[in-house]
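Trainee: Kindly generate the complete structure, drawing on both the sequences and the hints.
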Amino acid sequence: QQQVKQSPQSLIVQKGGISIINCAYENTAFDYFPWYQQFPGKGPALLIAIRPDVSEKKEGRFTISFNKSAKQFSLHIMDSQPGDSATYFCAATFGGYSTLTFGKGTMLLVSP
Amino acid sequence: KAGVTQTPRYLIKTRGQQVTLSCSPISGHRSVSWYQQTPGQGLQFLFEYFSETQRNKGNFPGRFSGRQFSNSRSEMNVSTLELGDSALYLCASSSGGQETQYFGPGTRLLVL
Numbered sequence: 001q002q003q004v005k006q007s008p009q010s011l012i013v014q015k016g017g018i019s020i021i022n023c024a025y026e027n028t029a030f031d032y033f034p035w036y037q038q039f040p041g042k043g044p045a046l047l048i049a050i051r052p053d054v055s056e057k058k059e060g061r062f063t064i065s066f067n068k069s070a071k072q073f074s075l076h077i078m079d080s081q082p083g084d085s086a087t088y089f090c091a092a093t094f095g096g097y098s099t100l101t102f103g104k105g106t107m108l109l110v111s112p
Numbered sequence: 113k114a115g116v117t118q119t120p121r122y123l124i125k126t127r128g129q130q131v132t133l134s135c136s137p138i139s140g141h142r143s144v145s146w147y148q149q150t151p152g153q154g155l156q157f158l159f160e161y162f163s164e165t166q167r168n169k170g171n172f173p174g175r176f177s178g179r180q181f182s183n184s185r186s187e188m189n190v191s192t193l194e195l196g197d198s199a200l201y202l203c204a205s206s207s208g209g210q211e212t213q214y215f216g217p218g219t220r221l222l223v224l
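Protein sequence lines, in the order shown, are assigned to chains A and B. The numbering of the first sequence is the numbering used here, which starts it at 1 and goes up by one. The numbering of the second sequence is the numbering used here, which starts it at 113 and goes up by one.
Everything labelled a hint here was simulated from the structure, so no lab data went into it. Idealized CB from N, CA, C, for every residue including glycine. Treat each hint with caution, since some may be false.
What the simulated footprint calls covered on chain B by chain A, stretch by stretch (three residues with Cβ under 8 Å from a Cβ of chain A suffice, anywhere in the stretch; the number is not a length) [stated by the list, open to error]:
(1) 126-134
(2) 137-144
(3) 178-189
Sample of chain B residues with no beta-carbon within 10 Å of chain A, all distances over it, derived [said to hold, decoys possible]:
(4) Ala114
(5) Val116
(6) Leu123
(7) Gln153
(8) Gly154
(9) Asn168
(10) Phe172
(11) Pro173
(12) Arg175
(13) Leu193
(14) Glu194
(15) Gly196
(16) Ser198
(17) Leu202
(18) Ala204
Mentor: Okay, structure coming up:
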């Protein structure tokens with residue numbers, strides 16, 4: 001049972017455009033939703049995270065939108081840059097525990 | 113602060129052998145989690161150790177085991193290797209709660 005579903009699997013965006021990655025979850029006990037960015041040959045690194053009591057969180061060019069009733073959340077990358085080309089994972093956890101349930105990832109390519 | 117280190121970075125084994133992977137967490141972190149990353153299944157949680165005790169375990173067979181030492185360093189062991197065990201094994205450390213997990217670069221295991 002895939003508890004966090006992520007789409008699209010891959011995404012090509014032109015430089016300066018907006019990249020949007022969507023995730024949906026099933027377990028209503030989830031209460032912390034981080035996004036991780038992974039470059040080839042590296043481990044994932046935390047990008048931005050949100051809790052369900054907030055509908056939106058923005059950090060620089062990265063914004064998470066959260067819809068608790070729909071059990072969906074999304075990552076928006078504004079003014080996408082070639083350096084943003086990486087694989088992005090949404091994740092979820094609950095109960096104060098650090099165990100992450102990941103989506104399957106989105107490979108983003110930002111063309112120059 | 114030094115990041116999470118994993119050794120070895122690459123490993124080639126044959127079916128039936130066993131393997132031990134090592135992870136040194138960020139200084140002061142007491143929680144170490146292990147994840148398996150494959151193209152088909154994505155990132156899947158293996159287990160978490162906190163203060164030398166296994167606190168959580170994912171849905172993997174008993175061939176996968178781990179331990180944590182008093183200095184928080186952790187080892188993961190896979191016995192009777194199968195071809196499907198070929199993957200990138202990632203270690204992540206944190207203080208133990210729901211906050212940021214810091215991932216190492218991973219150990220890439222190839223089983224022939």
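Trainee: With reference to the structure, classify each hint as holding or not holding.
Mentor: Now for the hints, and whether the structure bears them out:
1. 126-134: Violated - the stretch 126-134 of chain B has 0 residues with a Cβ nearer than 8 Å to chain A, which falls short of three.
2. 137-144: This one is violated; 1 residues, fewer than the three required, reach chain A with a Cβ under 8 Å.
3. 178-189: violated (count 0)
4. Ala114: holds, 14 Å
5. Val116: violated, 7 Å
6. Leu123: The claim holds: Leu123(B) sits with its nearest Cβ about 15 Å from chain A, beyond 10 Å.
7. Gln153: violated, 8 Å
8. Gly154: The claim is violated: Gly154(B) sits with its nearest Cβ about 4 Å from chain A, within 10 Å.
9. Asn168: violated, 5 Å
10. Phe172: holds, 13 Å
11. Pro173: holds, 18 Å
12. Arg175: With a cut-off of 10 Å, Arg175(B) remains clear of chain A, as the shortest Cβ separation is near 20 Å.
13. Leu193: Per Cβ check, Leu193(B) is outside 10 Å of chain A; nearest 22 Å; holds.
14. Glu194: holds, 22 Å
15. Gly196: holds, 17 Å
16. Ser198: Fine: 17 Å to the nearest Cβ keeps Ser198(B) off the interface.
17. Leu202: violated, 5 Å
18. Ala204: The assertion about Ala204(B) is violated, with a minimum of 7 Å to chain A.
The earlier numbered hints that this structure contradicts are 1, 2, 3, 5, 7, 8, 9, 17 and 18.
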